[in-house]
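Asker: Residue numbers (the numbering used here), protein chains in the order written: chain A, 1 to 111; chain B, 112 to 223.
Treat the hints with care, as some may be off.
[Said to hold, decoys possible] Stretch-level coverage of chain A by chain B, calculated; a stretch enters the list once three of its residues show a Cβ under 8 Å from a Cβ in chain B:
(1) 36-49
(2) 98-106
[To be verified] Below, simulated DSS-like cross-link-like pairs (lysine-lysine); rule was C-alpha separation at most 27 Å, straight line:
(3) Lys169/B x Lys57/A
(4) Lys126/B x Lys57/A
(5) Lys95/A x Lys116/B
(6) Lys126/B x Lys182/B
If you're looking for bench data, these hints aren't it; they were derived computationally from the structure. Virtual Cβ for every residue (Gly too), placed ideally from N, Cα, C.
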Amino acid sequence: DAGITQSPRHKVTETGTPVTLRCHQTENHRYMYWYRQDPGHGLRLIHYSYGVKDTDKGEVSDGYSVSRSKTEDFLLTLESATSSQTSVYFCAIRKDRAEAFFGQGTRLTVV
Amino acid sequence: QQQVKQSPQSLIVQKGGIPIINCAYENTAFDYFPWYQQFPGKGPALLIAIRPDVSEKKEGRFTISFNKSAKQFSLHIMDSQPGDSATYFCAASNSGYSTLTFGKGTMLLVSP
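Based on the sequences and whatever the hints tell you, model everything.
Answerer: Take a look at the structure:
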């Protein structure tokens with residue numbers, strides 16, 4: 001798994017509650033990404049980071065925030081979870097502008 | 112908006128057949144085109160990738176064909192096996208932009 005750990009792997013939460021997903025890497029790669037995967041939509045970029053404290057929005061960033069205070073950790077926060085955020089979330093890392101490695105995913109259900 | 116269009120959505124072939132998955136892109140600045148393979152419950156994993164300075168790349172039974180003028184690229188799987196049954200994603204990026212843009216995926220089933 002290229003040294004990527006996502007936690008938790010599964011989570012069920014109630015509408016309106018805050019949720020934080022964690023991505024941890026041991027590779028010291030510069031780039032880290034959060035994607036969501038939904039049937040019929042493929043992988044869509046939520047946010048990404050190109051260094052500590054350097055982040056930017058992807059195509060589906062509304063309702064999500066991120067933080068990267070250390071090279072190895074990239075956190076994704078849903079400030080107030082909604083049912084439309086039920087999805088599988090993948091973290092990815094990329095050393096340079098080439099191969100990206102993905103984590104095992106976090107299955108989030110918002111009820 | 113950067114887009115990568117992938118087809119077909121799903122594909123069924125018999126063992127030994129040659130499934131072909133196609134992708135088209137719009138941004139001529141794209142210069143890196145990977146294919147990812149994903150099994151149920153797992154994250155996508157890089158299968159093979161190509162840059163636009165070549166028209167074809169082979170790795171084992173997997174081949175990427177690239178047509179720069181048509182802005183299209185495709186994945187061929189030779190002598191397909193049931194173990195190749197998975198979802199395949201094409202993607203694209205450019206060296207001046209650090210993100211990967213993915214197609215919507217193709218679910219491949221190789222029947223025994």
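Asker: Each hint: holds or not?
Answerer: Taking the hints in turn, this is what the structure says about them:
no.: 1; hint: 36-49; in the structure: holds (count 7)
no.: 2; hint: 98-106; in the structure: holds (count 8)
no.: 3; hint: Lys169/B x Lys57/A; in the structure: violated (35 Å)
no.: 4; hint: Lys126/B x Lys57/A; in the structure: violated (42 Å)
no.: 5; hint: Lys95/A x Lys116/B; in the structure: holds (26 Å)
no.: 6; hint: Lys126/B x Lys182/B; in the structure: violated (30 Å)
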